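Number of protein chains: 2
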Amino acid sequence: MLRLRPLAAAGRLPPAGLRLGPLRPAAGLARPGAARPPRPAAPVGDRRLVSRQVRAVTAAAAEGGSGDGGRGPALKTPKGTRDHLPAHMALRDRLFATVVACFKRHGAAAIDTPALELRETLMGKYGDNSKLIYELQDQGGELLALRYDLTVPFARYLAMNKITNIKRYHIAKVYRRDNPATTRGRYREFYQCDFDIAGQFDPMIPDAECLKIVHEILSDLQLGDFLIKVNDRRILNGVFAVCGVPESKFITTCSTVDKLDKMPWEDVRSEMVGEKGLSPEAADRIGEYVQLHGGLDLIEQLLQDPKLSQNKPAKEGLGDMKLLFEYLTLFGITGKISFDLSLARGLDYYTGVIFEAVLLQQENDHVEESVGVGSVAGGGRYDGLVGMFDPKGRKVPCVGVSIGIERIFSIMEQRVKASGEKVRTTETQVLVATPQKHLLGARLKLISELWDAGIKAEMLYKKDPKLLKQLQYCEDTGIPLVAIIGEQELTDGVVKLRVVTTREEVNIPREKLADEIRRRLEPCSLSVQSCLTL
Amino acid sequence: MLRLRPLAAAGRLPPAGLRLGPLRPAAGLARPGAARPPRPAAPVGDRRLVSRQVRAVTAAAAEGGSGDGGRGPALKTPKGTRDHLPAHMALRDRLFATVVACFKRHGAAAIDTPALELRETLMGKYGDNSKLIYELQDQGGELLALRYDLTVPFARYLAMNKITNIKRYHIAKVYRRDNPATTRGRYREFYQCDFDIAGQFDPMIPDAECLKIVHEILSDLQLGDFLIKVNDRRILNGVFAVCGVPESKFITTCSTVDKLDKMPWEDVRSEMVGEKGLSPEAADRIGEYVQLHGGLDLIEQLLQDPKLSQNKPAKEGLGDMKLLFEYLTLFGITGKISFDLSLARGLDYYTGVIFEAVLLQQENDHVEESVGVGSVAGGGRYDGLVGMFDPKGRKVPCVGVSIGIERIFSIMEQRVKASGEKVRTTETQVLVATPQKHLLGARLKLISELWDAGIKAEMLYKKDPKLLKQLQYCEDTGIPLVAIIGEQELTDGVVKLRVVTTREEVNIPREKLADEIRRRLEPCSLSVQSCLTL
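Those protein sequences? They're chains A and B, same order as listed.
The opening residue of the first sequence carries number 173 in the working numbering; numbering runs sequentially from there.
The opening residue of the second sequence carries number 173 in the working numbering; numbering runs sequentially from there.
Chain A with its partners taken away, still in its complex shape (with noise of 0.2 Å):
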C-alpha cells in the first residue's frame, strides 16, 4: 500500500495508518554527529499563567548540572552532567544487560577507544556541530578534545589498527557542549550504544542485521509499539537531481529536508527557498517525494516512476531498498518498517541507507507524553568515513546503529516512578545477625564464611545491634534472608535462617547453610528446567 502523508501545515489528520505527526522526535537522536538541532524556544500560551520565578526554577532544572550551588563553592556537577544514584544505576544496568546480549547474540565482539582524542582526529567530520566539541585546554604537548560520538572514533580506530572487516560494539560516554534538555534525557555527557558492522560485503546482508537489531532490541525492551522509518542517501539525492537542485546544494538540502519531522512543510518549504536558495518549483516538486512512505509497493512505484528511473543513484537506491525488504521479509519484521522518503538525518557521512526508529504513542500513554517520545535508535551506511583516516584513502565500507539509550532510560526510569516498584540496588542475599550482646566475632565468623562460599552477604557495622534494628535494615534493603546467630546456635552448631517476607525460622546446620541459601534463592538451582528458561 501506497501512502500519501498530509503536508503538516495543511492541518489535516495525517491518514490512521501510520500516524506520526505528534509523534516526531523533539530533538534529534544522540546518534554519532547526529545533527541535534538546538532546543526550539519554549512555547509560552497557558505557560503565561505560571509566575516567572516558577519559571525561571524550572528553566534552571531543565539545563542540567545538579546540585546546590549559590554558597560558597558550588557544590554542583557541571551543567548538563549529572551523578547516577544506585537506584539509577540498577536500572541502567538492566538496560546495558539486555542491549548487550542483544550484540553479543549477533556476534559482534567489544572495544574500547580513549575518551580523549587528537582535535584534528575529529575536526571537520561534524559541520557545524564541531563547535560543540569540548575542547582540552593547551597544557602543552597534544591539544586535545573528548569525542563527539562512537563513530569517528571507530573510524580513526579501523584506519589506525588497519583493521578491515569487524563486528563491533562499543558502549560508552560523549560529549558534546548543547543545550542540556534534561527531563528529555538529554545530557552534554551521555551514554552511546553503538554496533556496527566493516567490511567489504554482498549488499544490503548487514544493512538488514542492523534493523534486526533494533527491532530485537526494542522488542526485548517492552517499550510499546514502534516504527522503524528507512530511507537511501542515495534515493534522496536522485530526488533533489530530478527535481532540479544542482548537485552543490545537496547536502545542504538534505538538512532542510532533516526538519520535517521538527517543523510543518511549509517551514520546510520557505527554507528550501528563502535560505537555501532553490527555486520554488524544485522545492513543491521535493515536496511531493519526501510526503511519501510506505513499503515494497512504494518501491516499485518509484522504480517506474520516470523521472527518478532515470537517475542512477536512486535506481541503486531503489534497487537495493528493494533487496532489503526482501531480507526484512525473511527477519519477519517488515509490519514495523517504514519506507519514508522525509527520513533524511542530520550528518554528511552517510552514504546510503539510512533509518531511524521512533516510538509510538498509545493511549492513556501519560508517561511518554511527559518524557516526550522521539527517535530512540537510528544509524546507517557511512562507506566514506575511514577512508578519510587511511593514508592511502582506502575504504572500508561500514554499516551501524546507535541505541538512545539516555532516552530509552528516561523513558524507563518514569515508568519505574509511575509503577512505585522500588529498584534494589544491591544483590545482598543474606543479612548476618545476632540476637544478643558480645557476638560481634561470631557475626564475623560467619559472614566470613559465607562470603568465602560466594553468598553475598551483609552485616551491621555495630558491635552490638539491636535484632529489630537488624531486620528492619532488610525490609528497608529488601534483603530476602536472615542468618542469626545466637549463643544456642553457636552451642548447636546450627544457624537460624530466617525468611524476612514470611517471618518463618528454620534452623540450618552451620555447614549447609550456604547451599541453603542458595537452593532457596538462585532460580537456577531449582530444576533442569528452570535452567533453560534463564
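It is possible that part of the hints are untrue.
Chain copies aren't distinguished; within one or between two, either way the pair holds.
[Stated by the list, open to error] DSS-like mimics (lysine-lysine), calculated; alpha carbons at most 27 Å apart, straight line:
(1) K494 / K635
(2) K345 / K276
(3) K303 / K345
(4) K276 / K684
(5) K567 / K334
(6) K617 / K276
(7) K634 / K567
(8) K276 / K594
(9) K684 / K609
(10) K609 / K641
(11) K641 / K567
(12) K634 / K508
(13) K567 / K638
(14) K634 / K334
(15) K638 / K334
(16) K484 / K634
(17) K487 / K634
(18) K641 / K276
(19) K334 / K594
(20) K617 / K668
(21) K276 / K634
(22) K494 / K617
(23) K594 / K641
(24) K334 / K589
(25) K494 / K484
These are computed hints drawn from the structure, not numbers from a lab.
Being a predicted model, the structure only gives us computed values, none of them experimental.
On the provided structure of chain A, position chain B as indicated by the hints.
Below, chain B alone, put in the same frame as chain A:
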C-alpha cells in the same frame, strides 16, 4: 614474631620471611590521588651498549599513544592512551566481572559521576599532583576539568546529595597528565575500581572488610602470592612526634617515608635531613621505627614502647590496629597481612588506617618480572574529605579500597601471551551455513529463528559462500557449532548440526534446533548439580 627489616642501602639480604625488597612497586598505585612519583630517570649502565636509535624508538613506545604518526594528519591516539582491541576487551571483561562480583558479594551498590567536574571541585585536593589534572578549555560557561580519581568526586557526591551512609562501588576512567609507562600498565587514561564505605560506624569493622575484599579479589584472580601491608597515619604521626619532628613537618616527612619502597633508607634519610630539614638524630630515630614490620606481636610491643605509648594518636592507632588484627584473624586472613611501619601512602587526606597490596615474586616467574611487580591495590581511611565539601563542614567518615586494575590487567595480558591461550572475542554459539548456492534466503530465515530463540548466531555476509570458507571461519573465531541447511535439509525439515572440533554431524528437527544448541553448550542445562556450581 617481630621482624626487623635491614636497611636496603646496607646491601644485606633481607630475612627470608617477608622479602619485599625487589617487589616494591616501581611506581605508585593508581589509587585515588595516590601521589604517583615522577618516573625515575632511566638507568644507564648496560644500556650504553644499545644504539641511540633503538633507545629513541623504545622511549617513544614507552611513552604510549599508539599509532602511526608522521605522515599527513597524525593517525594516533593521544599520548598515554590506547585503543582496546577485542582480545583486550574480552580479558578486561573477565577481570571486571571478578571484581564486580566481589563488590556485590559485599553488598555494594553501583554509582556513577560525570568524568567532568568543576575545576574548583578538584583543586586543592591533590597537593602537588594538581598539576597533572587535565583542564578543559574555557569555551564560555563553567571552568571544567577531567576527574583525577574517583575519591574526590565521591566525597563531592556524598556532600551534594546529602548522603551520610552508603556502601558503593564505582568503576570508571580517570585522567592524569602523568609520564606514561605503558609497559607497566601506566596510562594517562585508566580505569579505577573503587569500593568505599561511608558512614559513622563502630571502629575497624568496615576497615577490616576492605582488607577482606582485597584478599578475596587477589585470591580469585590467582595472581600468585601477595602481601597486604597495613599501617595507620596516627601511628606514623606519633612516631614523628616522639622522634622530635615538629608537627608542621608531619605531612612532608610522611611523603618522604612513602618513598621507602622506591629508594634505599640512606637516600630517604638524606632527603629528610637535606631537603626536609629534620635533624640527623630525628631521622635516625625514625629509621629505627619504619623498618619494623610484623603482626599482633609488633602491635603489642609498640603499645609497650615507653615513648610511643605516651603519644595519644599513636596509642589510638595502635589500639585500633590491634582491633583490626582481631577481626582479620576471624576472617582467617592474617597470614597475608603485615603491619608495616614504612607504609605511608602519598596522599594527604588519609586520617587512619592505610594499606597497600603487593604481589610477591615467585621462583621462575619471568612473566611478573617483565611487567614489573608492584602495588596492585591500596586504600585507607579518610574521615575529613567529605567535610571539605559540605557547606556546614559536616564530616562523613569513609574508608575505601582501590583495585589497581590496569596493573593487574598488564600482568594477566602477559600471562595470556606467554601461555599462548587464544582468547575468544565473541560468544557466538553457532554459524548458520549453506552447502549450495542460492540459499541466502534459507540462511536468513534460519538465523532469524535462532536469534529470536536467544541463540548467539552468525552467518557470512555473502550471497553464496563456499562451505569450506564457512567452516574455516568457525575455526578462526572459535565458533563451536555449525547449523548447515541445504536443499535436502529444507525438504526434510531438519538442520544438520556439525560440531567443529569433532566434525560429528547430526540431523536435528528444525523446531528443536535452538534447544539442542543450548543443551550442547550451556552448562546450566546439563544437570541440577552443575547449576549449583555456576
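Problem - Indices of hints not satisfied (ascending) - result: none
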